[in-house]
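Take the sequences, apply the hints, and build the full model.
For reference, the chains in residue letters:
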Amino acid sequence: MSVTYGYTGKILRVDLTTGKIWTDDTMKYKDYIGGEGIGYKILWDEVPAGTHPYAPENKIAFGAGPLCGTGVPCSGRTTITSLLPTSPFHGAGSSHMGGYFSVEMKYAGWDMIVLEGRSPKPVWIRIEDGKVKLEDARWVWGKGIFDTMAMIGSQMGKEAQIAAIGPAGENQLNMSVIRTGTSHSAGGHGGIMGAKNVKAIAIKGTGSVKVAATPEELMALDKYMMSIIGANNQMVIPTVPLPWAEYSDKGSRWTGRPGLYWGAANPPVETGECNPADMQSVGKRTQKAVFDLGAGAEKYTVRMGGCAHCPIRCHAQLNVPQLEKYGMDPNVSNTCVGWSGPRGVMSLVGIKEFDGNGADSSIVGNGIGTTMVDDLGVWCNYGQIGRDVKWFYQKGVFKRVLPAEEYASIPWDMLEKGDARFLIDFYTRIANKQGELHHILDGSAWIAQRWGLGDDYWDAKDNKLWTRGGYPVHHSNEAGGQVGALISCFTNRDSQNHSHMNFIGNKLPIALQKEIAAEIFGSPDALDAAMDYKPMNEAKARFVKWSMVRGRLHDSLTLCNWMWPMAVSPQKDRKYRGDTTLEAKFFSAVTGVAKTEAELDKDAERVVTLLRALTVRSMGTVDMRNQHDNTNEWITKADKDKPQFTPGTIQMEKTDLELGRTMVYKLFGWDEKTGAPTKATLEALGMADVASGLGEKGLLPV
Amino acid sequence: MAYEPGLVDALLERIRADSARTVLTPAVELASLVPGGTDAVEVLEECAEDDIKMMRGTRDLYFFSELSMTEPYARHLYRLAEKDPVRLIAETTRDESKTYPRPTPVSTFDDSPFSMTKAEIDAAISKMAFDPEYADIHTVKASNEDVYLYSATYLTEAHAAGLAEWASVGEKENP
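Note that the protein sequences, when read in sequence, are chains A and B. Here my numbering is used: the first residue of the first sequence is 12, the next is one more, and so on. Here my numbering is used: the first residue of the second sequence is 2, the next is one more, and so on.
Beta-carbon label-pair distances, calculated as ranges:
(1) 34/B <-> 289/A: 27 to 37 Å
(2) 414/A <-> 157/B: 43 to 53 Å
(3) 127/B <-> 533/A: 42 to 52 Å
(4) 145/B <-> 699/A: 54 to 64 Å
In silico DSS-like pairs for lysine-lysine, Cα to Cα no more than 27 Å straight-line:
(5) 401/A <-> 142/B
(6) 310/A <-> 173/B
(7) 545/A <-> 173/B
(8) 653/A <-> 99/B
(9) 173/B <-> 653/A
(10) 84/B <-> 261/A
(11) 472/A <-> 142/B
(12) 648/A <-> 142/B
(13) 173/B <-> 525/A
(14) 99/B <-> 583/A
(15) 54/B <-> 583/A
It should be emphasised that the hints constitute simulated quantities derived from the structure, not laboratory data. A quick note: this is a predicted structure, and the numbers were derived from the prediction, not measured. A virtual CB, placed ideally from N, CA and C, is assigned to each residue, including glycine.
Below you can see the structure in the form of C-alpha cells.
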C-alpha cells in the first residue's frame, strides 16, 4: 500500500454475527474526507432503507479524520455514525465524544472501526495495533461504565483507551451513550452497541500518524493557530475587565483571571492574567467549573481536563468528598450539558439544600447526577430529559401513565424538595429498564405516541422541542435568529452545530462582529444584534450554509466543532479577526494534498448532501420542506405580546422561515420546492451513485 | 522647549511603572518629579511618547501607558479615581448598552476592578433614580432575580429584558 499522510489508510471491519474481522481501504472513501463523512457513505452503501437501528443489519462506525492524531489543536474527537433510535423514521446521525479514543485508534493503525451484525454473546473488542480479538464480556455485562473501564483496563493496561456502554446501552434504550475517558460521552448510539452485544472497545496503539509537512512547518502552523485560539467555544474576551482587554462579558467562558483558582489543587493554581500573548496560559483561560457550576465550585476544582491535542481544557475535574457518602467516587468530571443534563431532572424546583450538604448541596447534587449518568450510560437528549420530567410531573402525565404501584414507589417528595438523592433513584430505575417510567428514555417522538402526548407537549415554549422528530433546540433561534433556527431544521437529532455559535457567542461588540461577518458572508446583515432580529436575507442563508458545511467538515476531519471554526481571535492587533482558512491549511500540511478553503468546503458540502440523501431515503419522501424541515408551533407563536422582528424576542415568523429554507435549498443546489437534493447537484458533487440510488426509489425531485 | 536631561524619561518611567501595576498616574503625583516652575502636564503634552495617554477628570488629570493597559480598562480606573459611584455605574451601563449591546448585571460592580460593596451599589442605584441626569438608566430583572441596568437611550425595555433573561437563565440551560 502506498504511504498515506494523515490517514492510516485502513478501516477495521468486524462482523459480530460471524466473528469475521477484515480490513477495508480508507482511501476509496477519500471524497468524504473521514470520520462522519465516511460513516455516512458506509451507511448509504451498506445499510438498506427501513433497517431498524437495533437490527444486526445496521452498522455503527467509530470514525477519526485525517487531522486526528497529528497534534493539530482540538483534534481529539471521535465521530460515531449510525441510524438514530430516537428518530421516528430512524434517520442517520452522528454522536461525538472527545477524549483520547480516536487518537489511540489512529496510533493502532485504524482510521475507523465499523461494527455490523450481532454477537451471539456479550463481547468486548480488544485492539492492540493490528491485532484484533473478540473477547468474552459476560463478566462485565451489567456493570456500570466506571467498573467496566477499570476491569477491562486491568486486562489491557492503563494506557489503553476504552469506549464502553452501561446498563442503558445494554438494555437497548434509545437515550443511551457510549462513553470514553472519565467524562466523554457520545449520546444516542449506546443502544446500538447493546443490540450488537458489544460492551466495549479497548485500544492500544504504538504507531503514529504520518504527516506530509516537515515538523517545523506543522509547528509553525500550530503556533499560528495558538495565536488565533480563544477560550472554550472560541469566546475571545474575559469575564471581567482586565488590563490587556478592551472588552469583557460576565457570560464569557474566558473565566481565567487573577484571584480565580483551581482551588483543590495542591498547591492551589491561580488561573491568572491569561494575556492572549502568553501561549503558556491558554489552558488556564477556561476555568469551567465556576462557569458550569457556579462560584462554589472553585474550592473543589483540582484542575481542568479535556481531550487529546486540545489546549483548551473544558472538562472541570473536581474532588467532592461528600460524594463518598452516596457510595460514589469523590473525583468527578464533566463539562456543559454533562452537568446540566443530569441535574435538569431536578428542574421542578432546582437542587436545594439536602442531606446536610448545606450551601454546597448544588455541587454535591451535580456530582451525583453526572456520576449516575456517566456510570449507567444515560443520554439526556441535550437536556430534554429534565424538561420532560418537569412537564410530565406538573401535567399529571406520570400519574396517568405509570401503574399506581410504580407511581407510589417513586420518591416524588425528594423531587419536590430539591433533594438530589432523587437522581439516584430515578436514573437507577430508567437505566435498568424498570417499570413504565423507563420509557422516558425512548425519546420524545416515541413517548409522545406511547403516552398519548398532544400538541400542548410539542408546542410548549418551555419544552424547547424543535420538531416532531423529537429533538430539542441546540443553539437554534436564540442563536442568530433565522441562522440558528434554519441550522436546526436539517438534522435528525439536535443539530450539535457550533460553527455559528462560536461566531455569534464570541462576546465581541456587535459592530465588530458585523464587520467580520461582512468579510466572511458578504454583508454585515448576516448577523443581527442578539434578540433584535431582522427579516431573512441572502447573507444569513450563506451564514447557515457555511455553518452546516463547517460542522460536517469538523466532524469528518475530526476537529472539535465546540472550538472550530476560527472566525475570530482574541488579538487586538488582528482587529479580532480569526482565520477561516486554517482547516484547509492544516489539511494540506498533514495530508500533502493541497486544498483551498473553498475546495475543502466543497468536500464537506458533499457530506451535508449525503446526510440529506440518507434522510430522504429513510423517510421515503422528497418532501423535506413539509415532512422534515418544519418546526413546532412555539417557535413562531410563543411570544404573543412581542411581535416578530421587534427587539426582545426570539420568535420567528413562518413565511420568513420558509423563505429562509428556500434560500438555503438554493445555495446547496437542492430542489427549491421540496428541499431534496437534485440529480444535477448530486452528479456535480461526484455523487452519481447516490443520484442513481435515489432515482431507483423515485426519490429525486421532478 | 528643552527640559533638563532625564526629566521626560523620569515622567514616562513613572507612568509606565504605575500602568504596569495597573494604576493610573494622577497629574498631582507627577509634580514632585519636575523642578519648581515646571508643569509636568505641559512637559508630557509636548514630549510624551505615543503609548502615553491622558484622561481629564473633574478631580485631576490621569495618565496611563497603553503598553500595559487598554484605554477601556483605563477608563474603568479613571471612573473609580473620580470617586463618583453614581456616575461610574451609569456611564459603564451606557457604554455596555451602546457597544455590545447588552444590559449590565448589577453584580458587575462588586467584581474586579470595581469591587464596590453591596451598600455602595444599592446607594448609587437608588440615588440615580432621583437624578434627571440619569433618567435613561433603568433596571430590569431576570426570572432568577438577577438585576440588570440598561440605558434606554440604546436599549428598549423589551430588548433589555430579553437579553437579561437569556444571560441569566437561557444561556445556562443551553450551554
